[in-house]
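Q: Residue numbers (this note's numbering), protein chains in the order written: chain Y, 1 to 326; chain X, 1 to 326; chain S, 1 to 354; chain H, 1 to 354.
The set of hints was computed from the structure by calculation and includes no laboratory data. Predicted model only: the values in this text are computed from it and were never measured. Please note that a few of the clues may not be correct.
SDA-like cross-link-like pairs, simulated, lysine to any residue; straight-line CA separation at most 25 Å [as the list claims (entries may be wrong)]: (1) S/Lys-25 - H/Lys-281; (2) S/Lys-21 - S/Leu-285; (3) X/Lys-203 - Y/Leu-282; (4) Y/Lys-253 - S/Gly-31; (5) H/Lys-25 - S/Met-1; (6) S/Lys-52 - S/Lys-281; (7) H/Lys-281 - H/His-296; (8) S/Lys-21 - S/Gly-31; (9) H/Lys-21 - H/His-296; (10) S/Lys-281 - H/Ser-2; (11) H/Lys-21 - S/Ser-2; (12) S/Lys-21 - H/Ser-2; (13) X/Lys-253 - Y/His-284; (14) X/Lys-253 - H/Asp-343; (15) S/Lys-25 - H/Thr-3; (16) X/Lys-253 - H/Ala-346; (17) X/Lys-253 - Y/Ile-286; (18) H/Lys-52 - Y/Glu-305; (19) Y/Lys-203 - X/Gln-307.
Stretches of chain H that chain X covers, calculated by requiring three or more beta carbons in the stretch to come under 8 Å of a beta carbon on chain X [unchecked claim]: (20) 110–124; (21) 143–156; (22) 161–174; (23) 333–343.
Ideal placement from N, C-alpha and C gives every residue a C-beta, glycine not left out.
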Amino acid sequence: MAEMTMIEAIRAALSHALETDPAVILFGEDIGIDGGVFRATDGLMQRFGAARVRDTPLSETVIAGMAVGAAAMGLKPVAEIQFSGFLYPALDQLVNHASRLRNRTRGRLTCPMVLRAPYGGGIRAPEHHSESPEAMLGHIPGLRVVIPGSPARAYGLLLAAIRDPDPVVFLEPKRIYRTVSETVQTDGAALPLDRAFLLSEGKDITLVAWGAMLAPAGEAVAQLAGEGISAELIDLSTIKPYDRAAVRASVEKTGRCVIVHEAALTAGFGAEIAADLAEHCLTHLIAPIRRVAGYDTVMPYLRLEAQYLPDSGRILQAARDVMEFT
Amino acid sequence: MAEMTMIEAIRAALSHALETDPAVILFGEDIGIDGGVFRATDGLMQRFGAARVRDTPLSETVIAGMAVGAAAMGLKPVAEIQFSGFLYPALDQLVNHASRLRNRTRGRLTCPMVLRAPYGGGIRAPEHHSESPEAMLGHIPGLRVVIPGSPARAYGLLLAAIRDPDPVVFLEPKRIYRTVSETVQTDGAALPLDRAFLLSEGKDITLVAWGAMLAPAGEAVAQLAGEGISAELIDLSTIKPYDRAAVRASVEKTGRCVIVHEAALTAGFGAEIAADLAEHCLTHLIAPIRRVAGYDTVMPYLRLEAQYLPDSGRILQAARDVMEFT
Amino acid sequence: MSTRAASFRIDCSACLDATGKPIGKLPDFAGDAETLASLYAAMVRTRAFDAKAVALQRTGRLGTYGSSLGQEAIGVGVASAMRAEDVLLPSFREHGAQLWRGVTLEELFLYWGGDERGNDFAGPRRDFPVCIPVASQFPHAAGVALALVQRGEPGVAVAMGGDGATSKGDFYEALNLAGAWDLPVVFVISNNQWAISVRRREQTGAGTLAQKAIAGGLPGEQVDGNDVIAVRAATERALARARDGQGGCLIECLTYRLGDHTTADDASRYREDEEVSVHWKEEPLVRLRNFLVARHDWDKAREEALLREVQAEVEAAADRYLAIEPAPRRAMFDHLHATLPPDIAALAEEAGDG
Amino acid sequence: MSTRAASFRIDCSACLDATGKPIGKLPDFAGDAETLASLYAAMVRTRAFDAKAVALQRTGRLGTYGSSLGQEAIGVGVASAMRAEDVLLPSFREHGAQLWRGVTLEELFLYWGGDERGNDFAGPRRDFPVCIPVASQFPHAAGVALALVQRGEPGVAVAMGGDGATSKGDFYEALNLAGAWDLPVVFVISNNQWAISVRRREQTGAGTLAQKAIAGGLPGEQVDGNDVIAVRAATERALARARDGQGGCLIECLTYRLGDHTTADDASRYREDEEVSVHWKEEPLVRLRNFLVARHDWDKAREEALLREVQAEVEAAADRYLAIEPAPRRAMFDHLHATLPPDIAALAEEAGDG
Ligand SMILES: Cc1ncc(C[n+]2csc(CCOP(=O)(O)OP(=O)(O)O)c2C)c(N)n1
Ligand SMILES: Cc1ncc(C[n+]2csc(CCOP(=O)(O)OP(=O)(O)O)c2C)c(N)n1
Ligand SMILES: [Mg+2]
Ligand SMILES: [Mg+2]
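Pulled out of the complex, with its shape left as it was, chain Y reads as follows (with noise of 0.2 Å):
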């Protein structure tokens, strides 16, 4: 139990997972002795030896499809693409493979892997380096695509996608690894995944976010609370498959709903999730679902990138306008 960033969370449930599960491995990209340029693995291939916690060359096609392989042959490899930009290569290993292995051989052979990649923006980082797939892997059946949204989320949620026996992308909100920190219990639990989180309640608005979202999100409830509007805010956490349930009850209970992402609008996860809402809570809805998402554009280099993503006040809008539909 301690006060923990997200990536030292992250960092503590790798190293619980490869201190208590002799079938972890941990690959990618200068994670070893540099420890991963986020400092993910920090320490780890000092404290578990390079056997166990390799450098690979800067391959990510190989990266994916070994992770695939070793995963068939009974390892956990938990692999790191280094920023979700560069995952692409890696894709067909995830679509073709890793996804389907299970349900290609009728469960002779299995992918209990895991692909870690930072994404997102707002870090003021180099062009490629702040964008969010989540959406394109959510459309992949078989894959689980998990995004954390606090440090002791990120603790719980990626030991359950270390123990999940089926693969699991994690992606990670990078620009949110040290902005906040809270009390984490490293005792090794895991948390559920398919499961959302509920941040705060409310009975008038429901706001679906994930990730870095969560923060601008969470300013947003407070500020409408103040304008005695109270909202309430999922943390959607498994993307793929998704808590169903958890936000159709929401939404029949408040009757609105605003859904936030920094992915560009169009095909971004929002759109599942405002559809089935507009399929199984139809009767329910007082008002027109929003989406505040990244505009369909090219995502701008860093001098532009403040004006892309969505903040509060973009949030705010939204929420009030979908409070004031009549």
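For this one, chain Y is given, so just place chains X, S and H with the ligands on it according to the hints.
A: Relative to the frame of chain Y, chains X, S and H with the ligands by itself:
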């Protein structure tokens, strides 16, 4: 002007482009002497020479990346990926380069390329040959995604894609390559991109579909007519950016909508369409928006394929549910 | 001023010529009649399976199928050099290797008939199923080898692919990783001179495919892929080095695709029959049979007995396959995840029992 | 029996030793004082830009930046061998090459400052911008070369990447395609011994990176990458062959990354200062200066004049960069498509003018 199947219409469009624009070049696996595994390029190498119709090594990444480089230099590459299941190694080039070359160079370098790929199920093909990736591609800002629904539209839209100054992924519903013929004006006239096509007018319910799903959707429309239900059928054609105005207008008229696609339900492109309606047409909705899609599981091998793909029965059922909703 | 930084050499080995005459000294196992007879029988069995599979496809009772006609020596030679503890990662054209490893005829028919149950091998539980996305099995092989090393197991990963597969980035990335980490993985390339309609020499400017190993810092060699004795011998050497901790290597097996690419292909569109006939003179079965007749008194009686036996076995397996009902619709969800998440379970319900 | 199928040799060339003494015969251009002075000036200018860029980043006025400290000879040597009609496809560490090609200091500051306008080069209109996804520029180079051939233009595509880039599949696929199609493309590998924290020898089991060319059937060679004369000479030979229709090749330039990977990196976490100091003795500027002093009466006065001039130029460019206002929010839509589709135009409206 002639009766043509879709594969013939595609060949006619490619042939016309090669004839009329010296900048057009075709490359891909087996598109030369073999004329492509589906014969889309049959005879073109013999007619236009091996310099303009090129067999590549078995390398999807370089096929896409080479197209980007050649397009930036002013050629108009029309590259073929043999099946959309093998498009994933090309995705990095689409996401990180093709879609943003114009933007990142402020218009100095552009990417007028077309990437063709047969997609979808229904032809008893081997594993990995029957999937539908349009939603992933539809989430990429800067990229166009086009899916023709008939021979004539295939001809006109492929010409439009080739002439477009920006990158287009042209997904061909191989299941209907040869199933229907229609008269095609092979006069080199392009059809508009970014526009939906209204296949049948109706006032009670809107069906939105594309590619091979237009056939079962059409059957459903006929059935419904027999039951006294007037259904409007929209062929989306350009998936990204799609014709929001046309879909909204139709649903504002009918108040009901069923969206049909082969791809898995979750985060499929139907989600975007439903989400857009839930935001902009909520007050016009008389009934929940239903999506009839592939199930959220791996595309089964051919023995169960027919059990996976949406058919007119499932579409009808959804339409009736929507009509009966109160 | 210029100095030599490195130099390399690629060799090609063979044991029997096209007529079955020995070239130089033969490996010891070539002296054992039983061993050679079993290799011959395995090749005959593979060819019989091929013929039946094509026949079933032509009559609409199997899906698209890729025959290994003329390439039987590679699968049989490689697999017969492997141990049970080794792991095979085949392409879609190594039926001979899969059958030797213990995959049943019925399982192969099921797979090619479009039924996932065909991949649930009763025999080699750790072997990978056929890999359709070309070259994507090579990274798996690196992972399998890593797992073997990590767990201190003795096995070796053996990945097989075609000449076309050597043009793909994942082939190269796996090769490079295997070299960087000295992994026990053997890359076998069945160079049948064609990737559908693309000739070997259009596939790469490299004079040999074996030399691609140099890019990964691995040893590479060529072997006559129509010579099952040479293929087995080369594989045994490679596996011995790998087991001994000396790392992996690449073996390019030179052969020729005598049939169409698959039942969906028509090779007459892109190659002349004359070219094919030339290669019929080098095919692997006749060659070994001649040697068996000359050295190990193989005769007409044994030949006919073998053919009868294999025919009967293949027909029986085909009948069992044809008798198997398709799985119910619900089966498409059975192995999506270890336990179906509620979200997807709901959709599965909707799908009903089919 | 085993016969030789192929053999290969990789050579390494150099012109000056670390102290600037000639090794063997020098290329003709080394006799021309003006030419050498311009190469030296370009390296000094590159280093001055590097220093300023790092300083700006440290004070929050530039984004993450990767210095080319110690590698200046490669960019300058390669670019100075190129013609205007050739096309450069650089990695993120070839500032020297970009500057020689005519990209302005101001444009480079803008790019690294996080402004797309930095890629709208006024000078080399066809050159590609910096490529961040490692090795993804190599396939582009193949496409550029294809376009040049197709249009009968004389140019050559020159793609540059690091040692780490040689582990990626797209590097290999491009190499293989260039070999298969004899494309006029030169692959330059700046082997600075590190890929962030990963040592060159952990990156691959290959003894040289030049030998990776063998996998694509291309010639490969090594050159002393701290010797601008040798780099330029090797590049001139490669470009001449490519222009002459003899196809492409791979040049591995041996150098060392004297600085951190980028301003976001702390190399002291993974390497000893002792190792770095050794390499400081081989850095490219001193070497050429010694030669200039010995052969082309370079002196203190000219040296100081050069430094003053370059400093002033870099400072002025930095000031102009800092004076440029960020583009309005609306600009993020300006070049998404040639003309903004209605669907997206509506969303752009929503974004407002910012
Ligand atoms: C990544 C990928 N691209 C394309 C295909 C389609 N395809 C199937 S087999 C084949 C040719 C393979 O040639 P080769 O590797 O020589 O194996 P062979 O078929 O000759 O045994 C192609 C292009 C595929 N399966 N995977
Ligand atoms: C595909 C990809 N993976 C990872 C990264 C992150 N990254 C940036 S530079 C780098 C190391 C590159 O090493 P090398 O190719 O030797 O070039 P150098 O930085 O030494 O000049 C890495 C891993 C990236 N930019 N692209
Ligand atoms: Mg082949
Ligand atoms: Mg390097």
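Q: Are there three or more residues in the region 143–156 of chain H whose C-beta lies within less than 8 Å of some C-beta in chain X?
A: Coverage by chain X holds here, the residue count being 8 at a Cβ distance below 8 Å.
Q: Quickly compare the C-alpha distance for X/Lys-253 and H/Asp-343 to 25 Å and report which way the hint goes.
A: It holds: about 20 Å lies between the C-alpha atoms, which stays within 25 Å.
Q: When you check the alpha-carbon spacing of S/Lys-25 and H/Thr-3, does it fall within 25 Å?
A: holds (13 Å)
Q: Given the proposed pairing of S/Lys-25 with H/Lys-281, does the C-alpha separation stay at or below 25 Å?
A: Not OK: S/Lys-25 and H/Lys-281 at ~56 Å, beyond 25 Å, violated.
Q: If you draw a straight line from the CA of H/Lys-52 to the CA of Y/Glu-305, is it 25 Å or shorter?
A: holds (24 Å)
Q: Within 25 Å, alpha carbon to alpha carbon, are H/Lys-21 and H/His-296?
A: The given pair, whose Cα atoms are some 13 Å apart, holds under the 25 Å limit.
Q: Hinted pair, alpha-carbon criterion (25 Å max): Y/Lys-203, X/Gln-307. Please report holds or violated.
A: Measuring from Cα to Cα gives roughly 42 Å; hence the hint is violated.
Q: Hint check: S/Lys-21 vs S/Gly-31, CA-CA at most 25 Å. Holds or violated?
A: holds (14 Å)
Q: Run the distance test for X/Lys-253 versus Y/Ile-286: straight-line Cα separation, threshold 25 Å.
A: holds (21 Å)
Q: If you draw a straight line from the CA of S/Lys-281 to the CA of H/Ser-2, is it 25 Å or shorter?
A: holds (22 Å)
Q: Quick check: the region 333–343 of chain H, covered by chain X? Criterion 3+ residues, Cβ under 8 Å.
A: With 8 residues in contact (Cβ-Cβ under 8 Å with chain X), the coverage given for the region 333–343 of chain H holds.
Q: Would you check the hint for X/Lys-253 and Y/His-284, treating anything up to 25 Å between C-alpha atoms as holding?
A: holds (22 Å)
The structure fails to meet hints 1, 4 and 19 from the earlier list, while all remaining hints are met.
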